[in-house]
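Q: Note that the protein sequences, when read in sequence, are chains G and U.
Per the working numbering, the first sequence starts with residue 1, numbered consecutively.
Per the working numbering, the second sequence starts with residue 322, numbered consecutively.
No lab work stands behind these hints, which were simulated from the structure alone.
Just to be clear, a hint being listed does not mean it is correct.
Said to hold, decoys possible - One side only, chain U facing chain G, incomplete, derived with CB under 7 Å:
| # | residue |
| --- | --- |
| 1 | Gly-386 |
| 2 | Ile-387 |
| 3 | Gln-429 |
| 4 | Trp-444 |
| 5 | Gly-445 |
| 6 | Gln-446 |
Fair warning: this is a prediction, and the values are worked out from it, not measured in the lab.
For each residue, glycine too, the CB sits at the ideal point set by N, CA and C.
Here is how the chains run, residue by residue.
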Amino acid sequence: MNSISQKMYFAMLRIRMVEEKIAELYSEQEMRCPVHLSIGQEAVAVGVCEHLDQKDIAMSAHRAHAHYLAKGGDLKSMVAELYGKATGCAMGKGGSMHLVDLNSGFFAAVPIVGSTIPIAVGVAWAFKLKKSSNIVTVFLGDGATEEGVFFESLDFASLKNVPILFVCENNFYSVYSQLEVRQAPNRKIADLAESHGIKTYTGDGNNVTQVSEIAKEAIKYIKGNNAPAFIELETFRWLEHCGPNSDDELGYRKKGELDKWLKRDPLSTFSDLLIEKNQLSKNSILEIKEIITTEIDEAFKFAKQSPFPDLSVLNQHIYKN
Amino acid sequence: MRELKYSDAILEATDFSLAEDPSVLIVGLGVPDPKGIFGTTSGLQDKYGNHRVMDMPLAENGMTGIIIGASLNGFRPVLTHQRVEFALLSIEQIVNQAAKWFYMNAGQQNVPIVIRLIVGRGWGQGAQHSQSLESWFAHIPGLKVVMPSNAYDAKGLLISSIEDNNPVIFLEHRWLHNTIDNVPSKGYRVPIGKAKVVREGKDLTIVAHSYMVLEAIRCADLLKAEGVSIEVLDLRSIRPLDNDAILNSVKKTGRLVVADNGWVNFGVSAEIISIVTESIFEKLLCAPERIGMNNSPSPSTRALANNFYPRSIDIAKIVCKMLKLLIDLDAVFPKSNLPEDIPDPAFNGPF
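Chain U extracted, bound-state conformation (with noise of 0.2 Å):
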């Protein structure tokens, strides 16, 4: 099958949809300029035309609005920003409004928009450029949020995305962009709310999403070397969330890590680890564990912020400790000789 990098899946996801259905909008600064959100979303308005793909005023929050208004007259737009905190601005229209329109009216109007968000990590980028929000979206009824680990997801659940009734927050992780996985050039659909295993096992479950994913497989795949039987479940949704998918593969493994792309406290790890420790505590072999980014803000310097986030070797640490086992992860997780703050060669900027 044909190789395509994340940031291509997305693009070929937004010209399916503009091609398919002629209510689809694309709205966002910069998407229409020389470096097209990452490449995301270039050549679209030449190929479509300024009235349904454009640029826009540096207005989050009054846009968001008006993507909102369209939608109620019969468009389904995609507003865009290059980094999740720009949408902070509009966190009112997305949660009072967005969110609850359809119940508000007791569903005779609804909101079929969805908005992309990047989480930006590496070079330096500091406390507002590098948050993984999407315990906040996923904490309000009426929104969903979908966070792809790699460009065939990327590619089917943004299509999916688009096409889905309601307000979708969909979450890039900037250091995906690059990935390379096998992607068919027709349009296809993932569907939202259903989680996937990766990795399959049988000693412990690692549940992640988004980069975390990466992270979490490279994990399960040095220490299988090492006997250890390590099974990845990638959320791909965090709203709706996949409780059986989850609840399943902990039941067959008794051991459960949550590498959480966000903060701990509060957030996506916290849910999950909620939910099997009220549904099926008895299966379980020992306490359950999360990791995540530090509790702190996200320093710019690479080498402070090595140590905010963290890696598979981080994870496989709390693996050896639940199942008890000596192993010497050094020699087992080979040193990288690149710099911390950029992921692998595969990524070449910008950032």
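Extracted from the complex, chain G is given alone in its bound form (with noise of 0.2 Å):
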């Protein structure tokens, strides 16, 4: 794994296993809490990440396992978080929304849409105050581009020239609601942060090589200009709002839209290109997922095997000393 092309195709192969082996397993009813996953959209959170620091900070919101592992969070803790475990990375009180690893720099995601957008530009901010080199990077939803706090943060982000960078995944959907009754006919989400003096880029959000090329210009702009940039890039959610099955059937998503998604999916069209240009063969990507097979069943076991917290936890994190 020595290019970036097949260091971020390992990343998202990596990513999508995951989530194939939560969505496996979920109807077992031992991870009890509710999981947004992440397959179909992985390229964002690849192509984005690839271009961090591991001290550059992400945060997240409800559909955060992409951004967490692509940003360096560990897998055992995530597994075990959503397993209820004192050995998950917040020990069992976050589960998926609260996704937490400070070693790799992955702050938080919560679940409340829009919440961490001031906050990372809070932390962004506060880099800004120490003349630290380093960056934030949030990933937010169309959705939360309807939000009240994703305009207060534009603003102050360009008042202040903070280092950050926003990320927008547009899905389309907000649960089973279309872009279309949400958001005028009119209203570009990149137009939006344009509007408050920030440089935008938009993008093809399921081709990873694009949102890589898009993220390291981004990243030299914030860089090299002191200043917020903000990145809309189109992508589709293939499984249903919450939880780990296909709901296309509900009939929410026009006909034939899944289809042409699916068609374009990140992760195929990625391998395809690579064995066309003789970096990965079809032998190495059995090898790659042999790899990433056996670090994922060692996560589950690990997870499965470790202790509930002790009733203790309960009271304890309220309040620091």
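Can you join these two chains into the complex? Each is in its own frame, and there are hints to help.
A: Here it is as structure tokens:
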């Protein structure tokens, strides 16, 4: 795994396989917390995080598994957190929607849509006050751009020239509600950021090469100009909003829409390209899958065998002394 | 000892904290303006620079998130709103994020922030500028809530709040800003979570907080001349609540009146009476009572607002009922010739 492309392929496949394993085992009812799977949206997380330093900070929202893993979050701690175990990244207090791994710079994810945006701006503002060269990346969805704090955060980030990268994953749906019933037809998400004086980029969120190139340019802009940047990337969620299943049969999406996006699978389109360019072979894919399977099996075994938190943990961490 | 106004005590505490700790930041709409949040932030931007003492956009929820973020990355920000009600725009960040953060990540990251909020009263401010919402905040595990009633406690509690490792809601009553007390010029701390007996007595306990402490003290002092011995306990902190201090006083007197600064329904007084009846029911000589703001929104006109807020004489009526005393309260409590929508001559506005 030497080239950036090979690394990104590995990272995307790993996220896909982790999510598939969660989906596979969810019906055992041992992971007893809501899960919002990232299948179909792996390229955004991987293409952006490829350009982040370990000391750069990332934050996310309810659909955070891909961002956590791409930023370097520990897999065992994440799976154990889903199982509610003491070895989880938040000792089982957070669950899937409150992932954290400070060692890898993944500060937090929260399920209240839009709420990590100002917090991420505050973390980035602190970097600026400390004259640090690190940046913050906040992942948000199309729905978050309807929240008031989104605009409040854009204004402050631009006003104070805060080193933050806003990454909007536009997957066109908030739960079952499509973009058309939520946003005016001529409303362009990237334009909202631009009108706050923020440098913006748009691109194909299912093309990891393109995501990576845009992120690289945006981060260069942030560091070179001491100013924020905003990226809007179109992508698509394959499974239900929350849970392990497909729900296309409910009919809330346009007929054929999912099929169109399945053909634009960020993973297989990228592996086809790499095979064509002789950077990857069918054999090496099998080898990679074996490595990842071993890691995932170990993580799930670790999670299942870990103890639940002691009852004393219930009243711990309410206040810090 | 030197005398100082409550608002100047807030200013001194803020100045002290800025000088002591370079990670302290002061943020709020109007912080550096000519009025400086009723004088509580005047001159600080000139002294510490506009990167540490700053104005802000009218974005209460966003700015609360932003100071939370800064606190996760090494700073101790103090955010000020000129009225409590503006913080309602930021309830999401205060309640869901700041209060829960340390718990959600199992103690890996804490949120050392202070949110200074001012409770308004008088001069017809009406329903959205004079609410006392401490019970809202005190309901939430993870928040601390303090409400000093005098200049000495205001300085010491603000320094403690800024040094605390948790989100602290610091509530100032606007009618206290011009009150004067002995205040040391050096920095000192008043511990969060400790109530204080401000009048010792043996017949009855009045538990009060914030401005109502002044009314309770007046009630105790005027009835003392009539031979009534009243203990007044100033809560100082609402959460954590000093249960021991409350129980110790009521154990001694056997009678309890709570003078609530807010509405009594589902409020601080409801909590205190619950604690007392749950813990020392057998020590009570009569049923506890409470008094607070009228159970309506606050009207603007002074004709109605006069009957909205309880005064010392109203507390005294309950005291006399409990102790079965026949005292001519109108004779004991001198009627002020001031309009009742301003506190006393020391208060010269603005509101």
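Q: Would you mind marking each hint as holding or not holding in the structure?
A: Okay, the hints, checked on the actual structure:
The restraint placing Gly-386(U) at the interface with chain G holds, with a minimum CB-CB distance near 3 Å, inside the 7 Å limit. A least Cβ separation of about 4 Å between Ile-387(U) and chain G falls short of the 7 Å threshold, and the interface hint therefore holds. Interface restraint check: Gln-429(U) against chain G, minimum CB-CB distance 6 Å, threshold 7 Å, status holds. Using the Cβ-Cβ criterion of 7 Å, the hint placing Trp-444(U) at the interface with chain G is not satisfied: the shortest such distance is roughly 31 Å.
Violation of the interface hint for Gly-445(U) is found here, the shortest Cβ-Cβ separation to chain G being roughly 30 Å, above the 7 Å cut-off. Interface restraint check for Gln-446(U): the shortest CB-CB distance to chain G comes to about 26 Å, outside 7 Å, so the restraint is violated.
Violated hints for the displayed structure, listed by number in ascending order: 4, 5, 6.
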